[in-house]
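Produce the entire structure from the sequences given, and follow the hints as far as they go.
Line order of the protein sequences matches chains A and B. The first sequence lines up with residues 0 to 335 when you count with numbering that gives the first Met the number 0. The second sequence lines up with residues 0 to 436 when you count with numbering that gives the first Met the number 0.
By construction, these hints were calculated from the structure, which means they are not laboratory data. In this text the structure is predicted, and so the values were computed from the model without any measurement. Beta carbons: idealized from backbone N, C-alpha and C, even for Gly. Do not rely on the hints blindly, as some may be mistaken.
Stated by the list, open to error - Using 27 angstroms as the maximum straight-line C-alpha spacing, the simulated DSS-like pairs for lysine-lysine come out as follows:
no.	chain 1	residue 1	chain 2	residue 2
1	B	K188	A	K237
2	B	K162	A	K310
3	A	K96	A	K189
4	A	K212	A	K96
5	A	K106	B	K432
6	A	K106	B	K426
7	B	K188	A	K285
To be verified - Estimated spans, in silico, between C-beta atoms of each pair:
no.	chain 1	residue 1	chain 2	residue 2	range
8	A	G208	B	V82	53 to 59 angstroms
9	A	R136	B	N395	22 to 28 angstroms
10	B	I88	A	L180	45 to 51 angstroms
11	A	G134	B	A299	53 to 59 angstroms
12	A	R136	B	R422	32 to 38 angstroms
13	B	R168	A	Q105	18 to 24 angstroms
14	B	Y423	A	L93	18 to 24 angstroms
15	B	R422	A	L180	34 to 40 angstroms
16	B	G155	A	P133	33 to 39 angstroms
17	B	R65	A	K285	27 to 33 angstroms
18	B	I88	A	F144	51 to 57 angstroms
19	B	A299	A	L93	43 to 49 angstroms
20	B	V82	A	P133	41 to 47 angstroms
21	A	Q105	B	W64	57 to 63 angstroms
Said to hold, decoys possible - Selected chain A positions facing chain B (Cβ under 7 angstroms, derived; list incomplete):
no.	residue
22	A41
23	V110
24	I117
25	Q124
26	I129
27	D308
28	F315
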Amino acid sequence: MDFVNAIILLLNYIFIPALTYGSQLALGAIFVTLIYGILRFANFATGDMMSFGTMATILFTWYFQSLGVSLGVLPTALLAIPFGIIFMILYMLLIDKFVFKYYRHQKSPPVQFAMVSIGVMFVTQAVVRIIIGPGDRRFFDGEKFIIKAREFKEMTGLNEGLALKSTQVLTIFVTIVLVSLLFWFLNRTKTGKSMKAYSDNEDLALLSGIDPKKIVLVTWVIAGILATIGGALYGLDKSFKPFTYFNNMLPIFAAAIVGGIGNPFGAFLGGYVIAFSEILLTYAYKKFFMYVLPESMEPNSLVQLLSTDYKFAVSFSILVIVLIYRPSGIFKGKVL
Amino acid sequence: MVGIFQSWNIALSIFNLCLISAVMTMGANIQWGYAGLINFGIMGYTALGGLAAVLISVDPVQEAWRAGGFDILMSLWLIVVMVLVIRFILKRFEKSKIRTYSIAAIIVSGILLIRFSAEPGIEAIEAVDPAKTGFLGGFGLPIIFSWIVGALFAGGLAFIVGKVALGLRADYLAIATLLISEIVIAIIKHEDWLTRGVKNVIGLKRPAPYEVDLQTTDWFIKLVEKFNAGKLSVIENLADRQAALNQLVIEGSSVFVKLCYSGLFLVVVIILLILTQKALYSPWGRMMRAIRDNEEAANAMGKNVVKQHLLIFILGSAIVGVAGAMLVTQDGLFTPGSYRPMRYTFLIWVMVIVGGSGNNFGAILGGFVVWFLWIEAAPISLFLINFFTAGIPETNALKAHLIESVPYFRFLLMGLGLLFIMRYRPKGILPEKIEIK
Numbered sequence: 000m001d002f003v004n005a006i007i008l009l010l011n012y013i014f015i016p017a018l019t020y021g022s023q024l025a026l027g028a029i030f031v032t033l034i035y036g037i038l039r040f041a042n043f044a045t046g047d048m049m050s051f052g053t054m055a056t057i058l059f060t061w062y063f064q065s066l067g068v069s070l071g072v073l074p075t076a077l078l079a080i081p082f083g084i085i086f087m088i089l090y091m092l093l094i095d096k097f098v099f100k101y102y103r104h105q106k107s108p109p110v111q112f113a114m115v116s117i118g119v120m121f122v123t124q125a126v127v128r129i130i131i132g133p134g135d136r137r138f139f140d141g142e143k144f145i146i147k148a149r150e151f152k153e154m155t156g157l158n159e160g161l162a163l164k165s166t167q168v169l170t171i172f173v174t175i176v177l178v179s180l181l182f183w184f185l186n187r188t189k190t191g192k193s194m195k196a197y198s199d200n201e202d203l204a205l206l207s208g209i210d211p212k213k214i215v216l217v218t219w220v221i222a223g224i225l226a227t228i229g230g231a232l233y234g235l236d237k238s239f240k241p242f243t244y245f246n247n248m249l250p251i252f253a254a255a256i257v258g259g260i261g262n263p264f265g266a267f268l269g270g271y272v273i274a275f276s277e278i279l280l281t282y283a284y285k286k287f288f289m290y291v292l293p294e295s296m297e298p299n300s301l302v303q304l305l306s307t308d309y310k311f312a313v314s315f316s317i318l319v320i321v322l323i324y325r326p327s328g329i330f331k332g333k334v335l
Numbered sequence: 000m001v002g003i004f005q006s007w008n009i010a011l012s013i014f015n016l017c018l019i020s021a022v023m024t025m026g027a028n029i030q031w032g033y034a035g036l037i038n039f040g041i042m043g044y045t046a047l048g049g050l051a052a053v054l055i056s057v058d059p060v061q062e063a064w065r066a067g068g069f070d071i072l073m074s075l076w077l078i079v080v081m082v083l084v085i086r087f088i089l090k091r092f093e094k095s096k097i098r099t100y101s102i103a104a105i106i107v108s109g110i111l112l113i114r115f116s117a118e119p120g121i122e123a124i125e126a127v128d129p130a131k132t133g134f135l136g137g138f139g140l141p142i143i144f145s146w147i148v149g150a151l152f153a154g155g156l157a158f159i160v161g162k163v164a165l166g167l168r169a170d171y172l173a174i175a176t177l178l179i180s181e182i183v184i185a186i187i188k189h190e191d192w193l194t195r196g197v198k199n200v201i202g203l204k205r206p207a208p209y210e211v212d213l214q215t216t217d218w219f220i221k222l223v224e225k226f227n228a229g230k231l232s233v234i235e236n237l238a239d240r241q242a243a244l245n246q247l248v249i250e251g252s253s254v255f256v257k258l259c260y261s262g263l264f265l266v267v268v269i270i271l272l273i274l275t276q277k278a279l280y281s282p283w284g285r286m287m288r289a290i291r292d293n294e295e296a297a298n299a300m301g302k303n304v305v306k307q308h309l310l311i312f313i314l315g316s317a318i319v320g321v322a323g324a325m326l327v328t329q330d331g332l333f334t335p336g337s338y339r340p341m342r343y344t345f346l347i348w349v350m351v352i353v354g355g356s357g358n359n360f361g362a363i364l365g366g367f368v369v370w371f372l373w374i375e376a377a378p379i380s381l382f383l384i385n386f387f388t389a390g391i392p393e394t395n396a397l398k399a400h401l402i403e404s405v406p407y408f409r410f411l412l413m414g415l416g417l418l419f420i421m422r423y424r425p426k427g428i429l430p431e432k433i434e435i436k
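In structure tokens form, the structure reads like this:
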């Protein structure tokens, strides 16, 4: 019985939160990696673009809520996400047209692109804050829990409760669907294959008649979908605050690089690597050992490898280590 | 201009921060403009400079030292031993899998050991009067010294970072330095025994006199009287004149203190400017440009590119460290929570790009212009909003919303400024000028 309790404890405090957080990071990381692979720059505006998409979703959610439209047990935001995506894509294409296009035609070095994306970051941050303000916004409605901790305890008679939030299930489910669709698109359709070709070797791709304009357009469309859904899921699960989104850019970068930048599948796994290591290293295992070990060996301290304050620092250290020893990432594979 | 519109006091505080920004910008400019190294870790070096200011100027907390000083020293000693052992292994053995794993094992066990040995000490230190101290304190020296120590701290960190990360490609380097600076901030924020973490250290010593003391000093009152003789002589009533004089003395004292700071900062800026200009036109500066423009050719000419990159990375970071110490000196308090990448990394980069990379005067100009706009963006945009919406009544929802979000227009201004400069004047306002003599 104690063993089952210990497993439930780990599930509840480590596995499910890490899987959720990892999915949110994974979507962002694929976004970063696609931009890096095809448009060839590190996009420092990632976090703020995600917050823009979330903001559009929130505005539509409020609009639907004021109309009285809802999805019952599911959050209304699901209905608003498609509209948010459209706004996000329009915004990205606008930015691309007025900012990035010029440098693409100039064939500027990646560093210059990165600088420009910092300009975009400032502007996007301003736009988001001017429209919706810097405060904390919650836009979740519908049923909050699928399994409540107390119900679970009563049901199974265990000491440890397992709480399953609907947003967690939603996040994981949506991520799986979206990522499988994306990989199907990249590997099976003609446009997806030409994107890969373009990312592998631009000149050869152009020679074989691939239209670069179309590639760039499709990339931004996919990026918009990923950014909005990733951002909205994070906002549903936690809450929306522009500053947090800006900060999330860093673990997202870490995930993309750990997975091997330019490699979407690596980025997908990288998100989970970062999330799990953050949570595994900062969790206090005292209770776990209390269940597993006999009474005489119970630990006195919290058995915590690092205090939770260093959550971010963990992922960054992993990234730094990977950068030094394996700059091409853990999951090398082919580029895109 | 601000002096006339708002007050001299505000004008001077903006001016002081402009000077500090200029120093930071010069540091970043040395790395980016001279050598083409991208450093997004400016925030970390600034914070280390601030840390130095605290460690140098605060009086030591005797009780805390008694409570846990031994444990802390012990762990520091352990860290030194660990580093030496790793160095020894690296020197002594050939590169192999066993070596890598054993080093990893040493690091992990060392961290656990250090945590174990330092824990009771840290707890004891943090328990000493936690509302006021709860940390080890510093050396109780004048705060000016911290400017040099800040440079040493930042340079030391830069040495480690440079050894580790300088081989990376430009955009990877940018990300790596950004993340390392976040780690530095996380450590400063959460190691309470060092600088009280997010509880902040306030009331640091000053290199300038205190306002309260000035207001009771005779020579200062006389000075203010002399300056405002014309204004005062108009007032007939003696009591009124005395009241007016008191008011003037209070205002004058804070202006005077700020002027003291400005003087000190100006000295630093001028010294740095002379040094960097000399360096730029020296053989060393030419070599740096050669390395920046064509690394392989410079390498082929027998220049040690790796070593020079490391050197310039350390130098630039050290200058940023000085600026960080200056900043804490001027504020008189150390607040780790306020170090955010937006303000301390990306804004400085806007200054470098706008001012003109590779040109020291451009860096200073960038620091001044961008900081001025950053501060004055809110009043300016408020004025513009009021101007354009003059016909709309105050109760209009859109207008109210816009006026409420005035503080965020500074981001918009900075972003647009950066984008326009990058597009139409990619070399900055004052582009790099190389005179061939």
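| query | Which hints from the list above does the structure break, by number from lowest to highest? | reply | none
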